[in-house]
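One-letter residues, chain by chain:
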Amino acid sequence: MKVLIVEDEKPMALEMESFLNKLSYSCELAFSGRQAREKMPDQPYSFVLLDLGLPDMDGLQLLKEARSACPEASYIILTARGDVGDRIKGLDLGADDYLPKPFSLPELHARMQAITRRKAGLKDNSVRIEDFVIDLAKRSVHYEGEEIALSRKEFDLLGFLVLNKNRPLTRFQLSEHIRGDFAGDDYDSNYIDVHIKNIRKKLSAFGPVDWLQTLRGIGYKIKA
Amino acid sequence: MKLQTKLTLSQALSKTVIVILFILLLPWLVSSVVSGYTNRQLEEQKQKVLRNISRNGIDYYLQGDSSYGSYTMLKEEYISLERKATARDLDSIFTSQRLIEGDTLTYRVLSYTFSDHGKKYLLEIGKTLASINQYTHPLQKVALYVLISLVALTLLADLVFTRILLRPLSLIIKSKILNRKFPFTETPPAVRTGTSDFLYLDASLTGLETQVRLAFEKEREFTSNASHELMTPIGILQNKLENLMLEEGVDENIQEKIQGMMATLDRLKKIVRILLLISRIDNSQFLRSDEVELQPVLTEIGEELADQAEARNLHVSVNLDPPLHLHAVNRELIFQCLFNLWHNAIKYNRDGGSLRVAGHRNADGSYLLSFADSGNGIAASALPHIFHRFRRAGENIGEGYGLGLSIVKSIADYHGIGIDVQSVPEKGSRFSLRFPAALIMIPVNSSENNL
Chain A
1 MKVLIVEDEK PMALEMESFL NKLSYSCELA FSGRQAREKM PDQPYSFVLL DLGLPDMDGL
61 QLLKEARSAC PEASYIILTA RGDVGDRIKG LDLGADDYLP KPFSLPELHA RMQAITRRKA
121 GLKDNSVRIE DFVIDLAKRS VHYEGEEIAL SRKEFDLLGF LVLNKNRPLT RFQLSEHIRG
181 DFAGDDYDSN YIDVHIKNIR KKLSAFGPVD WLQTLRGIGY KIKA
Chain B
1001 MKLQTKLTLS QALSKTVIVI LFILLLPWLV SSVVSGYTNR QLEEQKQKVL RNISRNGIDY
1061 YLQGDSSYGS YTMLKEEYIS LERKATARDL DSIFTSQRLI EGDTLTYRVL SYTFSDHGKK
1121 YLLEIGKTLA SINQYTHPLQ KVALYVLISL VALTLLADLV FTRILLRPLS LIIKSKILNR
1181 KFPFTETPPA VRTGTSDFLY LDASLTGLET QVRLAFEKER EFTSNASHEL MTPIGILQNK
1241 LENLMLEEGV DENIQEKIQG MMATLDRLKK IVRILLLISR IDNSQFLRSD EVELQPVLTE
1301 IGEELADQAE ARNLHVSVNL DPPLHLHAVN RELIFQCLFN LWHNAIKYNR DGGSLRVAGH
1361 RNADGSYLLS FADSGNGIAA SALPHIFHRF RRAGENIGEG YGLGLSIVKS IADYHGIGID
1421 VQSVPEKGSR FSLRFPAALI MIPVNSSENN L
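Protein sequence lines correspond, in order, to chains A and B. Residue numbers 1 to 224, in my numbering, belong to the letters of the first sequence in order. Residue numbers 1001 to 1451, in my numbering, belong to the letters of the second sequence in order.
Hints may be right or wrong, so weigh each one.
Heads up, simulated DSS-like pairs for lysine-lysine below, C-alpha to C-alpha not over 30 Å straight-line [said to hold, decoys possible]: (1) B:1218 <-> A:89; (2) B:1181 <-> A:89; (3) A:223 <-> B:1257; (4) A:197 <-> B:1347.
Keep in mind that the hints were calculated from the coordinates and are not lab data.
Construct the complete structure from the given sequences, taking the supplied hints into account.
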């Protein structure tokens, strides 16, 4: 899948590229609005990650242009300005999602996946981990055909770990994912441990869950 | 009192004083004018008599007699001339009674002695006071009426004129002071007036508003820039750490150190985010135009924080009686405010304790919503400081940087919501929000109006 990253902060663009490359996306970088304009018609992008605070032009204006140049692409707006109106304006202009900076890279990936799922409709989107089947679209967990009830937050966590399986996720990345996106919240990352404990308890009643690993002093990982 | 009223009153007052003064002075004035006139008339008549005597001789009047007298038919005026051998020299005007043909009347009398051919004569000319004063009353009356109608006329003219003069002032008040919404993004047109004071006032007000607006915009730009300048490097650092964590050949030892760095960065991020949020609230960057029903918001917060409440085994109850429906507020901020209070009540509670959220209407139309926990409470000495940034009652209790309550305070202030804390150490604290009637929507009784 092709991703166009429009971001004037070069170090940040490079980190995004490096992370997405590992997930086998192929990325094009544009460090200004002008470059973005030039690269847009080149190829059919699946995703355009657009920083609103570009030095040479208004990001919302660029979004408008990009939407007509690449109508197939999905758009995620990135901004560090935190302007209250930006989010609404961006979504009104047809952006698919909005991520305020700073964001975590696994979170970016999760958002991209969510958009893909949404656009593809409700077809099978399940991941099998040993004998557990986790359906990210339907938000369900099954063990040999039997559904296991998880709370909303528990599923959010499990789904996020599944999306990033075989990669360690820290408590902060996890807690950032499951807290609502209202600003200023200081969600306690210690509660992640409580949730994981509950998930383990619920799943282990059906089968072994040693694939959900605790990385001491780091966080959690699904090894599959 | 309005300026227009004050001016009219003061004008009416000063005019009344003048009228009263005039009424008091009028009899004296009229009588002094009349008596002066009478004196002059008597003097003129005297001169006429003397002229006649010097031209035609004293016998023109006396005809050989020793005295001469004449009076008008109703004795209003008389003249007498007689020889007086022993008379003192006299030349005066006085009021005195005279007996003429059996009638005693009061006269204004001019007495004058003079010599003619070595003989002394006394001339008296008199005029009755009744005839002198016959015009004073009507004169006074007419003068009074004229004065009063003139005063009334000028009062009316003053009223109309001050109203016209003050019209620009009320226009300035209406367009520049009332109906103005911070941060004064629209500039109403300048008020047109010929009065330089009003022009000055209008220009000054517009200037002040422009200054306020510019300062406000500058601050908004600053928070926006500060947000960008602070969040971007934090973001870069975070993403670099995340990629580093996934680097091949990085062992768990190093991953643990990276996680430590992430923890520090996370703390920095939260503080910056909260400070920016507070400055945005204080800078009025949030619209207050949402309608919010409180019950669903509290339900949402309850669900959001259910895991934390459960982890501490808290008994949570919510009871709004009656329900509360707000308007002219910012939904996001109200949510944030209630969320923080709820979150605090969990964080500073004891395991197995309780959290009671309760709302009721006050007699004055305001609404009181309280969050009562069963935690450690706050020492009385710390109570005044709990809403201050970077201060927290009782350090080392879980996470938090003493900023959650600062957010609550900023949001409450921004909406004009009163906030109050009561706390008993070791028993618990109660945070109360007092929503003013202006924010509360009048409930519509839809179910009771069945036709």
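Here is what the structure says about each hint:
1. B:1218 <-> A:89: 22 Å, holds
2. B:1181 <-> A:89: 23 Å, holds
3. A:223 <-> B:1257: Distance of about 21 Å is within 30 Å: holds.
4. A:197 <-> B:1347: Within the cut-off at roughly 20 Å; holds.
Hint compliance for this structure: no hint is broken.
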